[in-house]
Amino acid sequence: MLWALVGCLGATPGTTQPRATDLKSQSATPVEHLIVLMQQNHTYDNYFGTYPRGDGFPEGLCVPVNPAHPEGDCIQPFHLGADRVADLDHSYETFLLQFNEGQMDGFVQALNEKQQDGSLAMGYYDDRDIPYYWNLADEYVLFDRFFSSAPGGSIWNRMFWIAGVPGNAANRIPEDGFRDLQTIFDQLQARGISWKFYINHYDPNLNYRALGGIDFLDPQIQWVPLLAFDRFIDDPELSSHIVNLDEYFLDLQNGTLPAVSYILALGATEHPLSSLAIGQQFVKKLIQALMQSDAWDHSAFLITYDDWGGWYDHVPPPQVDAYGYGFRVPALLISPYAKRGYVDSTPYDFTSILKFIQENWGLEPLSERSANANGIQAAFDFTSPPREPRIIPWERACGETGTCADPAPPRFGVIYGMYGTALLLGLILFGWMFTAADVEGYRKDRHER
Amino acid sequence: MSRSAYGLRFVSAKTADEQRLYFIHAVTLLSILGLACVLRGFALNALGYNSDEAVYSGQAAAIAQDPILSEFFPIFRAHPLLFQFSLSLIYKFGVSDLAGRLLSAAVGVVTVYFCYRIGALLYGEKAGYLAALFLAIMPYHVIVTRQVLLDGPMTLFSTLTLYLVACYALTQRPLWLYASGVGMGLTFLAKETGILFVVSIFVFLALSPQIQIRIRDLALALAAMALTMAPFPLTLWLARGGGVSTSRQYLIWQFFRRPNHDWSFYFTTAAPAIGLALILFACLGLWVLRRKSSWRETLLLSWIVVPFLYFQLWPTKGYQYLLPLAPPIALLAARTMAGWLPGDDLQVRTRRLKGVSPSLLATGIVALSLLIPTWQSIYPSSSIEFLAGSGGVPGGRASGEWILSNTPEGTTLMTLGPSMSNLLQFYGHRRALGLSVSPNPLYRNPAYLPIANPDLQIRLGEIQYLVWDVYSAARSSFFADKLLEYAQKYNGRVVHVETVTVMSPNGIPISEPVIIIYQVQP
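Residue numbers (the numbering used here), protein chains in the order written: chain A, 1 to 449; chain B, 1 to 522.
Since the hints were made in silico from the structure, they are not lab data.
Please note: incorrect hints may appear among the correct ones.
[Claimed, not checked] A few chain B positions that, by computed beta-carbon distances, are all more than 10 Å from chain A:
#: 1; residue: R20
#: 2; residue: Y22
#: 3; residue: V38
#: 4; residue: I195
#: 5; residue: L220
#: 6; residue: P505
#: 7; residue: P522
[What the hints assert, rightly or not] Some chain A residues judged to face chain B by a derived CB distance under 10 Å, without partners named:
#: 8; residue: I233
#: 9; residue: Q253
#: 10; residue: Q288
#: 11; residue: P410
#: 12; residue: G420
All figures in this text were calculated on a predicted structure; none of them were measured in a lab.
Glycine included, every Cβ here is placed at the ideal spot set by N, Cα and C.
Same shape as in the complex, but just chain A (with noise of 0.2 Å):
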């Protein structure tokens, strides 16, 4: 009878999960696994400025109102706490008022020709926001000048993010689509690499064409490149790659995971207004389910932002070339190869990603900007075994970068001093009664009293 309760769920009884995978591994590390996820409109001073470590807000920094006149009114960075905060505008013009041909000072500016309240580019979260994050940072891997690719918005970072390329000049997708541009899955799909894209709440039927010639593009046809593709949607080989999140966790289950996986977190982005609390259960669940895979040992599971979002960010962006970099976004990689919390300061941009995938996995180069960007090898060390999966706490721990109040620790010496003497009282007791002689003489004489 209780057996029925192991079959009711579906498993094998008494036994484990099995570890197999069809996965013939192919790569030049022991990464067999790379998940990307890409969310939302933050800096890193918007998300680590105050974190301890990496390259946070600089001492006394006060941005002034206006650049023209810096000894002028400044704004100095504030935590924004739970307050939500309407979108800040992030457009290119805005952004080459902010960067200010490297002075970096014009980010209240700008907004305030946005007719937006320009101090709010100066909020920032913390640990109290955030605390999820710089719990992945204290123990993995915190990148400090990880860059966007481009000085604009989605499209072109997320054009990057897969090719390489800006895709057109405009940042929108075009009325025909992307046509024939070749993306990193073009490569993976022909060397017979696997490969998915999971969407969060994808909808099969939407895509560019879509648009209808409406300026407004949903979501999830801003945010996946590939349904901009007439090949990724109509070819049922490579459609068939693009799928629902759930198999994302049926794949950690079933030992199916690809070799390259990206992901849309639709509805927990963290792009503003949105819930940032939300956006990092999100993704705890997403490390978690690979964390308890058999996938884990074998897997590097990054995170980044696809661009500023209007935000405060001191590090003047390089350029590259006439597309970026643009400003500097969050990023986290999380693997048991991952250096223990470390913070990589080498520069990288989106098509750092694509760079490692080729190298990884022995592709060519897709552009000229991922054949010459840095891979994010430098976050790993291949040479110690896999660390162990650790599920990494919501709460902040209390330690080197934590703001919680540590409780006084038991006063160990008041326990040993105290029992420690009972202890030694109880033998000396049991000595005594050894070596006293007074009772035995009554012994004989037992039954008289």
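Got chain A; can you put chain B on it based on the hints?
Positioned in the frame of chain A, the structure of chain B alone reads:
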């Protein structure tokens, strides 16, 4: 022959006859203690800990500053820490369930020795051997002292105190009374319910007018007891770690908790484990030898009746709570046997043993009636029925070890109740929360954290595994059903099943799942 202290007797023996006699004494005593060791040591670690054992060992590990287990087991819970502290001295060299049980078994063997000392003191050498033999093979004492429980050490110190009080009653020397105070303090430090024996002492003194006592000596003995007990309150106040608040909450909980067993519990569980024949002979002796009755029987009966009445009236009952009654019952039964066997030394008895006397036969019957169930209880076997305090939990250790090897560090599990949580935390090194732990502080042990909203915590990924077990399910089908509902609702996937082999009603061995672990994916 001059009888000095026991340890000095052999060296002070003058003649070859005396030396031979003491050799026989030593062999007899060592044989009994050896038997006690065998019964307490055989297959000692065949089954893993039960919940209470895991808690006390976890506390010891926390005192030893084990970095992992101190996360799950706070130092201060309900009880004083003398035994846990002693175990922590061993755990400084590494935490091991076997080490904890070996210490407990050693405590049991020392108690057997004290039982001999009391018997020899009150009724002669022969009664001492018989009492020690009965305690050495008594299922109740063997079962409990094979576990890391506080009742074994409490029984050791209560038996020591009994000896010290008897010494005072014999000698009237105040030093023995002061030592009794220290013994009482140690009894309390082993487990707080040991304080009941203060009442036993007062009852004994009240019913034994021939025992003279000065108020000043009594006050000094009480002062010695208070000083010895002081580490308990002082560490709560001075050592931090939330001890005062936990103890206060624990007291409130104890007053408000619902009865866990009915009034007949001790009669149906403890009495058979002590030995019905043994109890019968103890009672028989009180009647048959009533003309020889003295303060000795009053003392032993005070040691039995006071704690028995208390635990019978107290709504919370536990299998092992009556353990301190075992030595005085063994002593009374031994008195009966010794009373029927004339002669006062081994030489006389050796001559008589050539014929089988009725009392020897009775002794054999009692001994066999104890030994057989003891052997049955310690011989490794599996069962899907479990009574707290009666032994290890089949499958518990293996499940914990599976969790340790197959789940990520930092994993949180949801079990049916806190008992399985304690086990899995000890062996699995993972946080485990009991679904049945009440959010109402009046109805829960303050050491346990309730799950305020299981649905939410599973959905947020704060709980990753659900653990169903047959033992807790037998106690609460409501929570068992609830846990399975959660498993169903959140795509629970069985990742591990722990089974035990049991006999079917028609005698065929079958494999029964006892612990099932589900991985949930909201």
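Results of checking the hints against the structure:
no. : hint : in the structure
1   : R20  : holds, 20 Å
2   : Y22  : holds, 14 Å
3   : V38  : holds, 23 Å
4   : I195 : holds, 15 Å
5   : L220 : holds, 15 Å
6   : P505 : holds, 13 Å
7   : P522 : violated, 7 Å
8   : I233 : violated, 30 Å
9   : Q253 : holds, 7 Å
10  : Q288 : holds, 5 Å
11  : P410 : holds, 4 Å
12  : G420 : holds, 7 Å
The structure fails to meet hints 7, 8 from the earlier list, while all remaining hints are met.
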